[in-house]
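Line by line, the protein sequences give chains A and B.
Going by full-length UniProt numbering, the first sequence opens with residue 1, and the numbers climb by one from there.
Going by full-length UniProt numbering, the second sequence opens with residue 1, and the numbers climb by one from there.
The reader is advised that the hints may include incorrect statements.
[Stated by the list, open to error] Below, simulated DSBU-like cross-link-like pairs (lysine-lysine); rule was C-alpha separation at most 35 angstroms, straight line:
hint, chain 1, residue 1, chain 2, residue 2
1, A, Lys487, B, Lys18
2, A, Lys352, A, Lys561
3, A, Lys557, B, Lys182
4, A, Lys487, B, Lys19
Calculated directly from the structure, the hints in this document are not laboratory data.
On a predicted model such as this, the values are computed, not experimentally measured, just so you know.
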Amino acid sequence: MPALSQVFGGPRRSPGMRWSLLAAVLILSVIASSTAASAIHTKQGNGTTPHTDPKTNGTITHTKKAFPVLSVNYDYVRMPFEISLWILLASLMKLGFHLVPRLSGVVPESCLLIVVGLLVGGLIKLMGEHPPVLDSKLFFLCLLPPIILDAGYFLPIRPFTENVGTILMFAVVGTLWNAFFMGLMLYGVCQAEGGQLGEVPLLSCLIFGSIVSAVDPVAVLAVFEEIHINELLHILVFGESLLNDAVTVVLYHLFEEFANEGVVTVADAFLGVICFLVVSLGGILVGAIYGVLGAFTSRFTSHTRVIEPLFVFLYSYMAYLSAEVFHLSGIMALIACGVVMRPYVEANISHKSYTTIKYFLKMWSSVSETLIFIFLGVSTVAGQHVWNWTFIITTIFLCLISRVLGVVGLTSVINRFRIVKLTSKDQFIVAYGGLRGAIAFSLVYLLPEDHFPMKNMFLTAIITVVFFTVFVQGMTIRPLVELLAVKKKKETKHSINEEIHIQFLDHLLTGIEDVCGHYGHHHWKDKLSRFNKAYVKKWLIGGERSMEPQLISFYHKMELKQALMMLESGGPTPNVSMQNIQPRRTVQERLIPRLSRGREEEIRNILRANLQHTRQRLRSYSRHTLFDDPLEEEEEDLSEAQMRKKRVEMHRRMSHYLTVPAKPPTSPPIRRVRFESENQVFGSTPGSTASSRFQVSVVPSIQLTRAPIAHMEQMSQDSVSLVDESSSSQQQDKQQQQQQQGGQQDSETGGVSTSTGSSLGAELSASEREQDHLRLPRCFSDPGPNKIDEEEEEEEGDRFGS
Amino acid sequence: MGSRASSLLREEDIEEIKKETGFSHSQITRLYSRFHSLDKGENGALSREDFQRIPELAINPLGDRIINAFFPEGEDQVNFRGFMRTLAHFRPVEDNEKNKDPDAGEPLNSRNNKLLFAFRLYDLDRDDKISRDELLQVLRMMVGVNISDEQLGSIADRTIQEADANGDMCISFSEFIKALEKVDVEQKMSIRFLH
């Protein structure tokens, strides 16, 4: 994407160029999708399918035909092909919008996508085909969960729990008010109007009211994300849109059942309330159970890091599906699962898995959202519409009015209990931000035709409402926010200061509450976190992390982030008080001694010979091994690193020449490899930089090169034996070292050149080996066979030598 | 018991406390009964032991410091006025208060005073600076015993580095305010009960 913008986004390019590019992308994708759609219908009985029945086969063989060099078999791949094509279309659209920055600044993406959907639908219809309508099953089972999971997993917990009372009020009471107000008023209007509308029964109106009154999370996310409003308002509207799912589900099923029966009693209404409690609490319970399971599983994934993200996704999706089985609220289950799972999973998984999860969730939710809006547009063109001016205009009006009344009324009640009151500006934004979206549309689509003869009218009405809210409200909310000077989201980089002080204040407030004898918000939060620490963390977080206080893990994360930033920018940032992680660049600084060409040749030959042996002893390549970089180990060994921080500086300078292992050759897990090799380098040497002392200390230590990597051992031993021809010992321990020292001293007089030569060679070989260490993990990224033929080795050797 | 408690508190006292702290009449009486229930010695003042008898405060990492905050400098007893004065810091901020009395000075529950209260809990020696040692002490209390001194030291260094604007390796009150400028202190440091 950045490359693309570089190519297309340069100021030299005229806006005309960009528009034409966008148009080209649009046309191409439309053509592609329409061919797919047409292909659906024309190729149905065509082609040589793999399941040709023997009859036709038999007939074919009677006449000798030419062997088909090229044949078309579209049916075979029809389904996945179409799906991929749609997703491709959606992604190309997203890409296209960002090519034209001015457009995306004015019009929210959701509007553009709906327009695209309309165009695509129109084109398909022009071609005479039947455009696909948004299949409800597809929507609820495939398109909606990623968005909700993304929202739930990254839900900011603190603001959510602080405002949970307000959010619940809006979600439950607000939606109920909206539903009944709209339903009753619509019924009244229908009766008053008479004629065709007069036939609409009360229950149909009520069910329509309940469907259309629910604020839609997808639309809210799509619009609010672009306006960067302050956290409080965002969480209020967004939280409401998530939690009102339970209400919508209950009302929907309730009214549907009533429509079947035709008679409503008080007992039924009472059961409805019970149902609501069951649906919401049951959904949360299901989600929490799966969340705990997911957290527990993640405790054991330290050896199979590759599939860690998969567990998160699977457990969450299962939670959603399980809740849907019992007609519980799937959305609440999904959110509960994400919220419960997250702190424990993040303590257990590797940094890479965390990044993977984050990016996959964002990717899926982005694609889903795009698809939903495009399909909305297409479905608009596809559906049979019954346009009834009165009904539709009334619906829109009532939506707005009931929303405003609901918000204002509820706020006046809520403000009595809130510490930070909601101002009228806030109320306006909350009311205006109540967007309707695809969920409402799908729910209407699911209505059975026989009980609801006015279904098409409802469909038209709901589409109009959705269009109205997304286009009108979505487009105007941004300038309104500017106009009203609503507080925007502060660019927070959560500093360690804030973290410490916030925790401090939490403790302080809990203490004061205890003094007052008041069991308030802080008291329960404190109790929960104590329970968490004492019992839950032990079970769900593996290893030592379970004992780690929140402050420490926060600090680690910060240091890690900073180190990553440092790496990427290539230079030191001023704020790091401790250098846990050195940028790779400094590794490149080496003291390379000057060598004569003859010497170089000699060394090259030695290396080449060495490397042959090395290759054969490498680990077998496995697709599933994750190769480490120092960063991953860093976070594991951070506490150990801090012990050795004083030696880290020295490390960096002399890392290539000294590879003294301090521990006996165990087979440490792969993860620990690199770091330990660097750590152990200077166990014994003090910070001497003078080259003379350098060399002396170098020589004996090099001969010890027992690399911690189990297999590399052999290699280093071999190289040692080859390099140091004078030595005769083959043992691994200090004996060797001492012997070497002895040997060295003996031969000291016998040719300074040889000793320096060998020491230099040793240095270089050690440096090469170090480079080997550095390089080999990267080499593993291409699949290499175990046995390496001559040719490759020559190249390797050459590369190393030069 | 209830009537006896309220009879010990005279109307003039209530009025004075109301003016000083901004609490309402009902709140003052409610808190007075709490004060009375804590006061086992029944001498109209609370000592440190009375506070330490509160069970949750014993397990609070900042328990001792909170208790100390109630007692004015060098004294061992706190009367009801002092009790209320300390608690007044945690009253929620009201918007209409700003217009009430511009001459009365800053109310006790203003943002500034709340932050000053928190600052004083860090800064034990009252030199208006949080030194590295003081920060380390607080960190140690909050974090527990499992973490090495070195690690805590580096966290403390990092914290001071982030906040320190004038390079004196200490956090002054203004730097403290600046570090917390993005935090909604009015909400964080308020207890709804006291509204």
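Going down the list of hints, with the structure as the test:
Distance check on the hinted pair: lysine 487 of chain A and lysine 18 of chain B sit about 34 angstroms apart at the alpha-carbon level, within 35 angstroms; holds. Distance restraint check for lysine 352 of chain A and lysine 561 of chain A: the Cα-Cα separation of roughly 12 angstroms lies within the 35 angstroms cut-off, and the hinted pair is therefore satisfied. Among the hinted pairs, lysine 557 of chain A with lysine 182 of chain B is consistent with the structure: their alpha-carbon atoms are about 20 angstroms apart, no more than 35 angstroms. Between the alpha carbons of lysine 487 of chain A and lysine 19 of chain B the distance comes to roughly 34 angstroms, so the proposed pair stays at or under 35 angstroms and holds.
The structure shown violates none of the earlier numbered hints.
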